[in-house]
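Enquirer: Using the sequences and the hints given, assemble the complete structure.
Protein chains: 2
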Amino acid sequence: MDHRRPGPLVTVPSTALFTDQYELTMLRAALRAGTAHRRSVFEVFTRRLPEGRRYGVVAGTGRVLDAVTNFRFEPEMLDFLDRNEVVDGPTLDWLADYRFRGTVRGYPEGEVYFPGSPILQVEGTFAECVVLETVVLSILNHDSAVAAAASRMAVAAADRPLMEMGARRTHELSAVAAARAAYVGGFSTTSNLAAGYRYGIPTVGTSAHAFTLLHDTERHAFTAQVDSLGRGTTLLVDTYDVAEAVRTAVEVAGPELGAVRIDSGDLLMVAHQVRRQLDELGAQETRIVVTSDLDEYAIASLAAAPVDAYGVGTQLVTGSGHPTCSMVYKLVARAEGEGPDAPMRPVAKKSLGGKLSVAGVKWAARPTDPEGYAEAEVIGTGEVPAELADRRLGVELVRNGEPVGRESLDAARERHVRARAGLPLSATQLSRGEPVLPTRYLTPTA
Amino acid sequence: MDHRRPGPLVTVPSTALFTDQYELTMLRAALRAGTAHRRSVFEVFTRRLPEGRRYGVVAGTGRVLDAVTNFRFEPEMLDFLDRNEVVDGPTLDWLADYRFRGTVRGYPEGEVYFPGSPILQVEGTFAECVVLETVVLSILNHDSAVAAAASRMAVAAADRPLMEMGARRTHELSAVAAARAAYVGGFSTTSNLAAGYRYGIPTVGTSAHAFTLLHDTERHAFTAQVDSLGRGTTLLVDTYDVAEAVRTAVEVAGPELGAVRIDSGDLLMVAHQVRRQLDELGAQETRIVVTSDLDEYAIASLAAAPVDAYGVGTQLVTGSGHPTCSMVYKLVARAEGEGPDAPMRPVAKKSLGGKLSVAGVKWAARPTDPEGYAEAEVIGTGEVPAELADRRLGVELVRNGEPVGRESLDAARERHVRARAGLPLSATQLSRGEPVLPTRYLTPTA
Numbered sequence: 028m029d030h031r032r033p034g035p036l037v038t039v040p041s042t043a044l045f046t047d048q049y050e051l052t053m054l055r056a057a058l059r060a061g062t063a064h065r066r067s068v069f070e071v072f073t074r075r076l077p078e079g080r081r082y083g084v085v086a087g088t089g090r091v092l093d094a095v096t097n098f099r100f101e102p103e104m105l106d107f108l109d110r111n112e113v114v115d116g117p118t119l120d121w122l123a124d125y126r127f128r129g130t131v132r133g134y135p136e137g138e139v140y141f142p143g144s145p146i147l148q149v150e151g152t153f154a155e156c157v158v159l160e161t162v163v164l165s166i167l168n169h170d171s172a173v174a175a176a177a178s179r180m181a182v183a184a185a186d187r188p189l190m191e192m193g194a195r196r197t198h199e200l201s202a203v204a205a206a207r208a209a210y211v212g213g214f215s216t217t218s219n220l221a222a223g224y225r226y227g228i229p230t231v232g233t234s235a236h237a238f239t240l241l242h243d244t245e246r247h248a249f250t251a252q253v254d255s256l257g258r259g260t261t262l263l264v265d266t267y268d269v270a271e272a273v274r275t276a277v278e279v280a281g282p283e284l285g286a287v288r289i290d291s292g293d294l295l296m297v298a299h300q301v302r303r304q305l306d307e308l309g310a311q312e313t314r315i316v317v318t319s320d321l322d323e324y325a326i327a328s329l330a331a332a333p334v335d336a337y338g339v340g341t342q343l344v345t346g347s348g349h350p351t352c353s354m355v356y357k358l359v360a361r362a363e364g365e366g367p368d369a370p371m372r373p374v375a376k377k378s379l380g381g382k383l384s385v386a387g388v389k390w391a392a393r394p395t396d397p398e399g400y401a402e403a404e405v406i407g408t409g410e411v412p413a414e415l416a417d418r419r420l421g422v423e424l425v426r427n428g429e430p431v432g433r434e435s436l437d438a439a440r441e442r443h444v445r446a447r448a449g450l451p452l453s454a455t456q457l458s459r460g461e462p463v464l465p466t467r468y469l470t471p472t473a
Numbered sequence: 028m029d030h031r032r033p034g035p036l037v038t039v040p041s042t043a044l045f046t047d048q049y050e051l052t053m054l055r056a057a058l059r060a061g062t063a064h065r066r067s068v069f070e071v072f073t074r075r076l077p078e079g080r081r082y083g084v085v086a087g088t089g090r091v092l093d094a095v096t097n098f099r100f101e102p103e104m105l106d107f108l109d110r111n112e113v114v115d116g117p118t119l120d121w122l123a124d125y126r127f128r129g130t131v132r133g134y135p136e137g138e139v140y141f142p143g144s145p146i147l148q149v150e151g152t153f154a155e156c157v158v159l160e161t162v163v164l165s166i167l168n169h170d171s172a173v174a175a176a177a178s179r180m181a182v183a184a185a186d187r188p189l190m191e192m193g194a195r196r197t198h199e200l201s202a203v204a205a206a207r208a209a210y211v212g213g214f215s216t217t218s219n220l221a222a223g224y225r226y227g228i229p230t231v232g233t234s235a236h237a238f239t240l241l242h243d244t245e246r247h248a249f250t251a252q253v254d255s256l257g258r259g260t261t262l263l264v265d266t267y268d269v270a271e272a273v274r275t276a277v278e279v280a281g282p283e284l285g286a287v288r289i290d291s292g293d294l295l296m297v298a299h300q301v302r303r304q305l306d307e308l309g310a311q312e313t314r315i316v317v318t319s320d321l322d323e324y325a326i327a328s329l330a331a332a333p334v335d336a337y338g339v340g341t342q343l344v345t346g347s348g349h350p351t352c353s354m355v356y357k358l359v360a361r362a363e364g365e366g367p368d369a370p371m372r373p374v375a376k377k378s379l380g381g382k383l384s385v386a387g388v389k390w391a392a393r394p395t396d397p398e399g400y401a402e403a404e405v406i407g408t409g410e411v412p413a414e415l416a417d418r419r420l421g422v423e424l425v426r427n428g429e430p431v432g433r434e435s436l437d438a439a440r441e442r443h444v445r446a447r448a449g450l451p452l453s454a455t456q457l458s459r460g461e462p463v464l465p466t467r468y469l470t471p472t473a
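Chains Z and R, in that order, give the protein sequences. Last residue of the first sequence: 473 (our numbering), numbering continuous. Last residue of the second sequence: 473 (our numbering), numbering continuous.
For the record, the hints were derived by calculation from the structure and aren't laboratory data. Be aware that one or more of the hints could be misleading.
One copy or two, either will do: identical chains are not told apart, so a pair holds if it fits within one copy or between any two.
[To be verified] Straight-line alpha carbon distances no greater than 25 angstroms define the calculated DMTMM-like cross-link-like pairs of lysine to aspartate or glutamate that follow: (1) Lys377 <-> Asp243; (2) Lys377 <-> Glu150; (3) Lys377 <-> Glu271; (4) Lys377 <-> Asp268; (5) Lys377 <-> Glu434; (6) Lys377 <-> Asp93; (7) Lys377 <-> Asp293; (8) Lys377 <-> Asp320; (9) Lys377 <-> Glu363; (10) Lys377 <-> Asp186; (11) Lys377 <-> Glu278; (12) Lys377 <-> Glu101.
Expert: So this is what it looks like as C-alpha cells:
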C-alpha cells in the first residue's frame, strides 16, 4: 500500500454533532449541579456476540482516534445549539473550549473480542467523556460488524483473494468505512475509489453489463475494453450467452486474457464449464472471478470450484446478517467528589430484569493452553494476577488528549490474522455456535 | 421545522469518488472506442421487495440531487486517479470538466414503490450517466431501507410519536441520513444533533443511566436534571428500582413532571405499573416513554399499554431486518450511434439463469379502484394509455443538470402518508406477505 498516499477525501471539520442530544443535556445539568468534572471512566463492551458467532473483531479504532481529535464545536454549531435551546449559556461556553484531554485505552484494531471484553476505556472528567458516547459507538459498532463478516469470509475463501464491492448497498460514507473494515478483516482490495483515496486500500474494477450493452455487439465491447485496459483485464461474460462470451473473449484478448467475471447463474456449475472452456481454448492462466450476492456460506460452497477470486458486496457491508454490534458505552467508575484526588467508586446500573453491567474499571487477559491456543477471555477489576501479566490485551490509544495509538491499516490487518490464529480451531467453523472462548470474571476477593 | 435553519454540517466537497472503479474504467474504454457519448438512459429499480414486505418507500431523493450537483473531480482526486493508473490522460481531461448536464426523472421522495417501479431514470450521454451509478444507489438503497422500516413502525405506533435514536448503531454519517429517512417515513424527532443541524429535524433527549450513576443518589441526579432542564423533562427511572425512582421523580419534579423513560425490563408490565403509580401520585399528565430494542412488532405489542411515545434505535437504522434495498442501476436504452439524433434502442441483459431486466425506458402509473385505493403498479414502455395519463408516478428532478425537484422534508413526509393511505388496507399489516400491489407490465403491441 505504500505507493498510494492516502488523502483526506471527506473534510469533516468536526465530529462534535455526531452526538445524541442527551449527552449535552446531561452535561448541562451536571455543570449546573457541580458534578460535571468528577473523574470518570466509561467502558465500551458488548453483553453478547451476534447470535451464533464465535468471535468479534475490533475495527474502527483508528477512526475513533480521528473522531476524538476532531471533536470540536464550531461557532455555527454552538449557534445551532443555542438557537434550539439544547444547552444554556454556561454549557455553550464550556463546549466552545472543548477538547478531549483524557486517556483512552483499548483493544488494538484487528484484535478479536468476546462478551464483556473492555474494548475501549475512556477516562477523564464526566463532562469530557460523556459527549463522546455516540460517535465512538457509531464507529465501533459499524466497523466491527463489517470486519466480523469480512473475517468469516476470509476464512471461507482461504487463500483466494476477496474484493470488496458493497458501496452501492450502504450509505456512501459507510461504504468507505466498510471497505476499510473489510481490509482489516482480510479483504485484499475494494471497488471503492474513496476508500483507495482516503485509506490507500488497493482498488479494482473493470466493467459492468452496461458497457457490453452500450456497444453494438459483445465483441465490440470486449475489443474496446482490451484496447483500453489491456489483455490483463477482466471481461464480464454473462451479459448474453456465457459460452459464446468466453469464446469471444479469448479470441479478442488471446490466452493472455487476465480474467473473466461471472455475475449470475449457478456459479458452481458455470465456473466448472468456463474453466473447462478456457483450458480448451488454451487460456489456462486466465482467472475466473465470481460475484453475485456472495456470503461466507456461498464462498465456502465454491471452495472446490475452479474460482480464483471472489467479489462480495451486500452481505459484507450489511455484516452478513448482523449489520451492527451491540456495543454500549457505560460509566463504570467515577470519583466520589469533585477534586482530582477524590477516590474512585465502581458504578453500574442495577435495575432488576434489565440489562446488567459489571461495575469497575476492567482489565482483560487471554491466557493460552500448552499448545498456544487461547483458552479464555479473563476479565477482572483490581490487580492483574502475576501469571496473566504478559497476556493482557489493552493498549494505550490516547494520552492526555494526544493520540498515541495510530498505526497503519496493514498493522491492524496482520494483527487480526494473528489473533484469529491464536483462537481454538473451532473459531473458524462457519456454523452457528457459542463464543469460542468463555468469558471468565475475576474480581478481587473482599 | 421552520424555526430551525438547516446548516451544512458536513462539508462534502465532492461526491465524485463515491464511485466504484469500474465506472471510470468503462468510461476510459468507451472514450477510446468512441462510444462514450451515445445517448443513454439508466433506470433504478428493484427486482423484488425484501422478503415479506408489502411496499417499499422511496427515500434519499433529495440527497441524490445534492450528490449529483456535487459530483465534481477535484485536482487532488484526478491526481489520485492518475497516480494509480485508474484512467488515462484523455479520461482525466474529460473528468476534470465533468458536470452532469442530463435529465433525471423519478418517483418523488416519500412515494411507495413495488418490484419493477422505475424509481429513478437518468438520461444523458453514457459517459455522464455511468459515473453516477454507485453514489445514486448508495443513497437510495440506504435511505429507502430505513424509510421502509420507519413507515412500518409508524403504522404500528398509530398516533403515538416515534423518536429516532439509532445513531450509535450505525456509521456516524449513515446516522444522519437515517434520521432524515426516518422523518420521511413518519418519525417525529431524532436524538441526532447532526440531523437537526443539517436537516432541521426536531431533536430530543434528556439523560442516560450514566447521569444517575454520576450522582451520589438517584434523588441527587433527578434534582440536578430538573434544576437544569425544568419540570417538563423526562427522567430515566430504571437505573436502580423503578417504583422507587418513580416516587422520587414525582417528589422532585411534582406532578408537572413531563415524562418518565423506561429502557429495560418487560415494557408492557412495567408501563402498566408505572402508569398506575404515576396516577396514584397525582401525576396523571406525566407521560411514559419506552425505549429498548423496539421494532415494529414490539411497538404493536404495546398498542394497548399506557405508553405515550416510543424511542427506536437499532432496528430502525438497520432497516428492521433489511438494512439495504436491492435497487440496481441498469442501462435500459442507448442510441444506436454517436450523434444526438441517433435513434434509441432498448437494451437488457439476457443471460439465461441470471438476473433478467426489462429493456426500454419505462413509465409507471397507479390506477385506482372505484373506492379510490390503488389496484396495481402498471409499468410500460412506449405510449402511456390515455386512461392512465393522470395516474402517472414520475416527476422531473433534474433538467439539463439543474435540480428542479428540490422540496422540503415535510413535503416528502406528507407525501408518504398520502401514498400509504392510497394503498389497499392490507398494506399496513405487519405480517409477512406479498407486495400489496401487483406489478403489471404493459408493452406496446408489435
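Enquirer: Would you pick out the hints that fail for this structure and give their numbers low to high?
Expert: 5, 6, 10, 12
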